[in-house]
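Colleague: Next come the chains, spelled out residue by residue.
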Amino acid sequence: MSVKVSKTSPEELRRTPLHALHLALGARMVPFAGYDMPLQFESGVLKEHLHTRAAAGLFDVSHMGQIRVLPKSGNIADAARALERLVPADILGMAPDRQRYVVFTNDSGGIHDDAMVANRGDHLLLIVNAACKEADEDRLRVQLADECAVERSERALLALQGPNAEAVLARFAPDCTSLRFMDVRQLLIMGVDCIVMRSGYTGEDGFEISMPSDVAQEISEGLLEDPNVKPIGLGARDTLRLEAGLCLYGSDIDETTTPVEASLAWVIPNVRRRNGERGGGFPGASTIFDQLEHGVMRRRIGLRPEGRIPVRVGAALFARGGEEGSIGNVTSGGFSPTLNAPIAMGYLPSSVARTGNRVFAEVRGQRLPAIVAGLPFVSPRYKRS
Amino acid sequence: MLKYTEDHEWLKLDGDIATVGITEHAATQLGDLVFVQLPEVGAKFDKGGEAAVVESVKAASDIFAPLAGEVIEVNEAIANDPAIVNSDPQNAGWFFKLKVTDLKPLGELLDEAAYKKLIG
Numbered sequence: 046m047s048v049k050v051s052k053t054s055p056e057e058l059r060r061t062p063l064h065a066l067h068l069a070l071g072a073r074m075v076p077f078a079g080y081d082m083p084l085q086f087e088s089g090v091l092k093e094h095l096h097t098r099a100a101a102g103l104f105d106v107s108h109m110g111q112i113r114v115l116p117k118s119g120n121i122a123d124a125a126r127a128l129e130r131l132v133p134a135d136i137l138g139m140a141p142d143r144q145r146y147v148v149f150t151n152d153s154g155g156i157h158d159d160a161m162v163a164n165r166g167d168h169l170l171l172i173v174n175a176a177c178k179e180a181d182e183d184r185l186r187v188q189l190a191d192e193c194a195v196e197r198s199e200r201a202l203l204a205l206q207g208p209n210a211e212a213v214l215a216r217f218a219p220d221c222t223s224l225r226f227m228d229v230r231q232l233l234i235m236g237v238d239c240i241v242m243r244s245g246y247t248g249e250d251g252f253e254i255s256m257p258s259d260v261a262q263e264i265s266e267g268l269l270e271d272p273n274v275k276p277i278g279l280g281a282r283d284t285l286r287l288e289a290g291l292c293l294y295g296s297d298i299d300e301t302t303t304p305v306e307a308s309l310a311w312v313i314p315n316v317r318r319r320n321g322e323r324g325g326g327f328p329g330a331s332t333i334f335d336q337l338e339h340g341v342m343r344r345r346i347g348l349r350p351e352g353r354i355p356v357r358v359g360a361a362l363f364a365r366g367g368e369e370g371s372i373g374n375v376t377s378g379g380f381s382p383t384l385n386a387p388i389a390m391g392y393l394p395s396s397v398a399r400t401g402n403r404v405f406a407e408v409r410g411q412r413l414p415a416i417v418a419g420l421p422f423v424s425p426r427y428k429r430s
Numbered sequence: 009m010l011k012y013t014e015d016h017e018w019l020k021l022d023g024d025i026a027t028v029g030i031t032e033h034a035a036t037q038l039g040d041l042v043f044v045q046l047p048e049v050g051a052k053f054d055k056g057g058e059a060a061v062v063e064s065v066k067a068a069s070d071i072f073a074p075l076a077g078e079v080i081e082v083n084e085a086i087a088n089d090p091a092i093v094n095s096d097p098q099n100a101g102w103f104f105k106l107k108v109t110d111l112k113p114l115g116e117l118l119d120e121a122a123y124k125k126l127i128g
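Order-wise, the sequence lines are chains C and Z. When we follow my numbering, the leftmost residue of the first sequence carries the number 46, and every step to the right adds one. When we follow my numbering, the leftmost residue of the second sequence carries the number 9, and every step to the right adds one.
Simulated from the structure, these hints should not be mistaken for laboratory data. Check each hint, because a few of them may be wrong.
To be verified - Label pairs and their calculated CB-CB ranges:
1. C:60 with Z:122: 56 to 62 Å
2. Z:67 with C:396: 40 to 46 Å
3. Z:58 with C:352: 15 to 21 Å
4. Z:120 with C:352: 57 to 63 Å
5. Z:112 with C:295: 31 to 37 Å
6. Z:32 with C:180: 38 to 44 Å
7. C:186 with Z:32: 49 to 55 Å
8. C:425 with Z:96: 44 to 50 Å
9. Z:67 with C:394: 45 to 51 Å
10. C:87 with Z:85: 54 to 60 Å
11. C:212 with Z:114: 43 to 49 Å
12. Z:85 with C:314: 51 to 57 Å
To be verified - Heads up, incomplete: computed chain Z residues facing chain C, CB under 8 Å, no partners named:
13. 42
14. 43
15. 54
16. 65
Stated by the list, open to error - Heads up, simulated DSBU-like pairs for lysine-lysine below, C-alpha to C-alpha not over 35 Å straight-line:
17. C:92 with Z:124
18. C:428 with Z:112
19. Z:55 with Z:107
20. Z:112 with C:92
For each residue, glycine too, the CB sits at the ideal point set by N, CA and C.
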């Protein structure tokens, strides 16, 4: 079999502020979006995944982009209205200390990137994907030039996720217990001002914490001292988000998928729909409205392969075992530690994309049966009240 | 006698019966295994033939027959619990036994020292 061995991090890869800590913790490092990142630590992907769902996992997500959008007028409503030109979301109606999940659309209604946008009172804070952050920053700077200053924020970002995340963080920042899902608050952690967001990419309750880079290692070590907390790599980050039915940009969503096709129509609030008060005014609006009103040709769905063999990204999907002509494709796939079974996401024609339908996925020349499943595979446990 | 391949398989030879598995190094590199596809008893392979498949969390990998032969026994335990391969790859995690039909290439396989040198 072929086995890749990497012992040293190539000099071309970028490093997060926690790079040395990852090596000290025995991480197996891999390149990701131009960064040298931990794929897994000594526990391994399965144990790290299960630990996050049972207790608390600490993730380094400092490779992601943090972008501040400031209104030149000093009035945040101006920044919100400007950003609404790029995203089919209700930014103007977002209260301070709240955040939303948004997509940046292109002229065909496809997706440039998905992101979180937080109202920080006097500016907006965007968290964007690592692979897209330079392009996102350029787009914001160019399109919002009249109304906004756009600043790249070189801060670290940690995610603490799991049922025990609140108990852990409360020992450092007792006020974190008052945050509800999608709240944002500036809190002191070990004497340092951090931006704490009750959100994540795992389906578990938890926090994403932005902090100055120079304190990231100390705060990580402080959190890791809690016996509830283990360091978690990108391998488990991917299996966790897949169980939660969350999209990975570049796999499940990209420039060719509209939010309607991606089963993300819910991110588009009524106020931005055709007859809404601020309807349209974002790229691809006419395509997206057409799809909202008349339906889509294909949709993102979940898949439960019927056997034990994982069905992975790129696998072609077929309507019947022996029929020619693929009808769709798998965009994410792997093994679910929680369900102890393979799971996948992909796109199928709307007529076939019905929960309970059987389709076939081609794996190593064989057509394996899989059942169309609703998403998520594992129910989220967000703290909403 | 214990021999290794450049593809990170090991084999224990007893007469013309070879027990085959993957090395500790391979198991560590693959990470947690979630699925093992064993050959059928009676299947015949050339040297280097694709005899088995393992799926880790991240990807699939092929296991090759280190010598030409016929499969006489497979380790159902690892098909039922792939984690055995990770916990004990060079003993309980064996994959299949081959009745070797051509022992001549045995000299081309690596001994322990040569394999250790390969993996560095």
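Colleague: Please go over all the hints and tell whether each is borne out by the structure.
Modeller: Structure-based check of all given hints:
1. For residue 60 of chain C paired with residue 122 of chain Z, a C-beta distance near 36 Å fails the hint of 56 to 62 Å.
2. At roughly 32 Å, the beta carbons of residue 67 of chain Z and residue 396 of chain C sit outside the given window of 40 to 46 Å.
3. Taking the beta carbon of each, residue 58 of chain Z and residue 352 of chain C are about 19 Å apart, inside 15 to 21 Å as hinted.
4. The beta-carbon spacing between residue 120 of chain Z and residue 352 of chain C, approximately 37 Å, falls outside the hinted interval of 57 to 63 Å.
5. Distance hint check for residue 112 of chain Z and residue 295 of chain C: the Cβ-Cβ separation is about 49 Å, which falls outside the suggested range of 31 to 37 Å.
6. For residue 32 of chain Z and residue 180 of chain C, the Cβ-Cβ distance of about 43 Å falls inside the hinted range of 38 to 44 Å, so the restraint holds.
7. Under the hint 49 to 55 Å, the C-beta atoms of residue 186 of chain C and residue 32 of chain Z, about 51 Å apart, fit the expected range.
8. As the Cβ distance of residue 425 of chain C to residue 96 of chain Z is approximately 37 Å, the hint placing it in 44 to 50 Å is violated.
9. Between residue 67 of chain Z and residue 394 of chain C the beta carbon distance is about 28 Å. The supplied range of 45 to 51 Å is therefore violated.
10. In this structure, residue 87 of chain C and residue 85 of chain Z break the distance hint of 54 to 60 Å, their C-beta atoms being roughly 25 Å apart.
11. The given range of 43 to 49 Å is broken by residue 212 of chain C and residue 114 of chain Z, whose C-beta atoms sit roughly 59 Å from each other.
12. Between residue 85 of chain Z and residue 314 of chain C the C-beta distance comes to about 54 Å, which sits within the given range of 51 to 57 Å.
13. Using the Cβ-Cβ criterion of 8 Å, the hint placing residue 42 of chain Z at the interface with chain C is satisfied: the shortest such distance is roughly 4 Å.
14. This hint holds: residue 43 of chain Z has a C-beta 5 Å from the nearest C-beta of chain C, less than the 8 Å allowed.
15. This hint is violated: residue 54 of chain Z has a C-beta 17 Å from the nearest C-beta of chain C, more than the 8 Å allowed.
16. For residue 65 of chain Z, the interface hint holds, the least distance from its beta-carbon to any beta-carbon of chain C being 5 Å, beneath 8 Å.
17. Under the criterion of a C-alpha separation no larger than 35 Å, the hint pairing residue 92 of chain C with residue 124 of chain Z is consistent with the structure, at around 28 Å.
18. Between residue 428 of chain C and residue 112 of chain Z, the direct Cα distance comes to roughly 66 Å. Violation of the 35 Å bound is thereby established for this hinted pair.
19. Taking the CA atoms of residue 55 of chain Z and residue 107 of chain Z, the gap is near 12 Å; set against the 35 Å cutoff, the hint holds.
20. For the suggested pair residue 112 of chain Z and residue 92 of chain C, the alpha carbons sit about 44 Å apart, so the restraint of at most 35 Å is broken.
Going down the numbered hints, you'll see the structure goes against 1, 2, 4, 5, 8, 9, 10, 11, 15, 18, 20, while the others check out.
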